[in-house]
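*Asks:* One letter stands for each residue in the lines below.
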Amino acid sequence: MYNLQLTPEQIEFRDAVRDFVNREVRPAAIDPKRLEPFEKPLMTGFLDQLAQMGLRGLALPEEAGGAGADLLTSCVLLEEIAAGDVDLAMVLGETALLARAVHDAMSDGQRQRWLPKFEANDRYHLSLIARDDDAERGWSYHQAMPAAADIPGTPEVVAERDGNGWVISGLAPFVANAPVAGLFIVQARIADAPGTVTVLIGNDAQGLSIDLELPAFGGGGERARWHHGAVAAVTLNSCRVADDDVLAADAVRRMLQSGLPARRTVQTAAVNIGVARAAYEAAVDYAKMRWQGGRHIVEHQAIGMKLADVAIQLEAARGLTWKAAWVTDHPEAISGRSVNDLPWAVVARTFTAQSLHRATLEAAECFGAMGVMRDMPLQKYVHDTLVLQHAVDCDLAAPLVVAETVAGYSR
Amino acid sequence: MDFSLNEEQRGWQMEARRFAEEEIRPISLARDQIADPKATFDWEIIKKGSQLGFRTLAVPREWGGHEADFVTQALVMAELARGDSSVSKTFSQCWKWSHLIAASCTKDQKERFLKPFIEDDTFVLGKGGTEANAGSDNRMPPENDPKAGWKLRAERRGDEWILNGTKMFIANGSVAKLFFVDARTNPDANIREGSTMFMIPRDTPGFRIGKVFNKRGWRFYQNGELIFEDARVPHANVVGEVNGGVKARATDKSEFGDIELAANALGICDDAVGMAMHFARNYKRAGKLVIDHQLVQLKLNEMYMLTEALRSFVLRTAWERDRKLPDLGNNVLVMNYSQEVVQRVTRANMEIHGPEGCTMHARVDKLVRDAMVWTHLAGDTVQRVKVVKRLPLTTGG
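In order, the protein sequence lines correspond to chains A and B. Counting in the working numbering, the first sequence tops out at residue 697, every number present. Counting in the working numbering, the second sequence tops out at residue 481, every number present.
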């Protein structure tokens, strides 16, 4: 059976978000006063309003006060948010993803202590500090991955045993959601024994500090900020954590290994689609309005072909991303031989990133010189899709994970 | 066939390379990162470059310039662009219009404008055609709509012309001392027959500069709004004939503007290739040097291949212009081609660098942003469609 019909609930939720984004978020996001400066502070007012609509706890089970949404539903909604503002979508996507994962990993006691705080405050987001052992993916094709500690510059967060708890210290330089996080889920290496411990640390914990966000151009101008959402460095200076706030080791393994990175990757593809869709919609509107060469420019073959190409790329990307979302939630689709056994998250993400950056450039081209002006949104969409093209899960080597799967090779 | 450069060409190339490395490159990133588009410009670099001859490179010797040939101009633009593409463009924009003065202006106009241009290190040139509702229409006016194209109006009153209207995105807009401006002098005729080109000194009464546009790339390069409110221009400033503006522009057969963008792109590509090679040889990823990964080797190969192909096309086209060979479209084709190449090569440089944590090398990012400008300048569909008329008739039936 193959069914592309969304449920009435999914459509209703999508339309509510789309309506809010079109009415409120997008006009503010593309206001020239916001577009022109290099710095674009997170629009926290909208972040809170979207949280009130249920998007922060989107994937959290219903019994925990969430919407219990599957990954496909999350993708549908994140596309809508990203069509208004990419940063809002990245922050909410990360919190929604972690809310479900950490809820599953918590003990009953931990849920009782932390869940009410999450529910009570719309600005309470979640942030994960953990080592991704697979961070360099395809680059280590044909050779063993070095341990994370062997990679120069890899920060270490270390836990030392202290009575009936742990003392956590270290620096994590780039932590998603850190500026808005109420709760940090921190994986730390145990100081004098093999293994790690994963703990829950509130943003009010003693010894925890959050640096200012990276400026648009930092390091004496040598570095350009290259991320979406809200990111900051987190310093843990002898942060004391009681055993009550340690997550069970097997629960952590399940959380980190049962598709959390893959889910994030699929969600990011959906965000990418939202950005490119905003560019596409702008180009269609403009092509119908702009008059050159004795007609509306949409009537020139050259422009018509561009819009057609962008539309085709968008649909292809959405098709792959929805499929990846579905398969991630339904592994039986692979085991039952309905769908090929591929790392679908990577398939969707790499195709989406590459094709939609090109598509966004094509949309910008419809605007002529106005496509590169900073008071117009097109150049921002181009930049946003470029940033999305260069992330760890989507770099030059990332698709090699697909080669490993099809060849049955494992590094 | 002989691909060697003569001594003069080599000399200019070396001088431009040294200036780019020692003077332009050190200020390039800092200028790019100034948020206010009016504040990115740096007169010191213009003065220094002017004193070395880069502002007046193309002006004939009899008027005090260097009369460098097109091959030299292409070499210099590429070298300067390697330091900063938009600084290179600021210089070459002056050559572009000095070609026009030399080809189309009267002796009196040359005395009044070319001489001060030569003598003043801060005398920069610009040209205004584009308006809010006249972009593609200026370059490819539709047959069925004679009113299409620029609307800026010029009406004669005695020995003067009164100009009213607004130009947009005009290069060197906020810094030029002299502009060539296209205006309608017969609103009922199409722009080929109904417009006149005027020389507009910066201090023309009734003429002022409006906003400076804030761009994603080429941030040093100024694009401004030119506002004319009953601006009074003497008849003696008409270039060519009244209602002959388009013809006057066409007297400059150099097609310099097309080679210009291609040569500039070549400089960006050289910069990107150098950066990628340096990074690949000095940084490690997954336990080995970046250059030891096959993926990177293939990318570097692609970058070099495209850059060398562009270099050959640029220099061949410049050489053809120097020999005044029939123009069979190469001027435009090389410009169109440079868009593909500069965008692919700068993106490949970005892929090799990859993200480091949540940051990207700022110059790698800048090259990609600068390269985006080519989409609408050098490779838009109007340019691509127009060239077809010039392609050799000997090909095909």
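Hints were generated in silico from the structure; no laboratory data involved. Every residue gets a Cβ at the ideal spot worked out from N, C-alpha and C, and that includes glycine. Heads up, a few of these hints could be off.
[Unchecked claim] Straight line, CA to CA, 35 Å or less: simulated DSBU-like cross-link-like pairs of lysine-lysine:
| # | chain 1 | residue 1 | chain 2 | residue 2 |
| --- | --- | --- | --- | --- |
| 1 | A | Lys319 | B | Lys199 |
| 2 | A | Lys319 | B | Lys295 |
| 3 | B | Lys199 | B | Lys132 |
| 4 | B | Lys295 | A | Lys574 |
| 5 | B | Lys122 | B | Lys261 |
[Stated by the list, open to error] Simulated coverage check for chain A against chain B, where a stretch passes if three residues somewhere in it have a Cβ under 8 Å from a Cβ of chain B:
| # | segment |
| --- | --- |
| 6 | 505–515 |
| 7 | 602–612 |
[What the hints assert, rightly or not] Listing some non-contacts, in silico: residues in chain A with all C-beta distances to chain B over 12 Å:
| # | residue |
| --- | --- |
| 8 | Pro459 |
| 9 | Ala535 |
| 10 | Arg576 |
| 11 | Leu628 |
| 12 | Thr691 |
*Asks:* Does each hint hold? Answer for all of them.
*Replies:* Hints versus structure:
For the suggested pair Lys319(A) and Lys199(B), the alpha carbons sit about 43 Å apart, so the restraint of at most 35 Å is broken. Under the criterion of a C-alpha separation no larger than 35 Å, the hint pairing Lys319(A) with Lys295(B) is consistent with the structure, at around 15 Å. For the given pair, Lys199(B) sits about 19 Å from Lys132(B) by alpha-carbon distance, which is consistent with the 35 Å threshold. Simply put, Lys295(B) and Lys574(A) have alpha-carbon atoms about 27 Å apart, close enough for the 35 Å limit, and the pair holds.
Only pairs whose Cα atoms come within 35 Å are accepted, and Lys122(B) paired with Lys261(B) is accepted, the gap being roughly 16 Å. Check result for the segment 505–515 of chain A against chain B: holds, 8 residues qualifying (beta carbon to beta carbon below 8 Å, three or more required). Taking a C-beta to C-beta cut-off of 8 Å, the segment 602–612 of chain A contributes 0 residues in contact with chain B, too few for the three needed, and the coverage statement is violated. With a cut of 12 Å on Cβ distances, Pro459(A) falls inside the contact zone with chain B, its closest approach being about 6 Å.
At roughly 28 Å from the closest C-beta of chain B, the C-beta of Ala535(A) stays outside 12 Å, upholding its exclusion from the interface. In this structure Arg576(A) is not separated from chain B by more than 12 Å, as the shortest Cβ-Cβ distance comes to only about 9 Å. No Cβ of chain B comes within 12 Å of the Cβ of Leu628(A); the nearest lies about 20 Å off, and the non-interface call holds. No Cβ of chain B approaches the Cβ of Thr691(A) within 12 Å, the least distance being about 18 Å, so the stated non-interface status holds.
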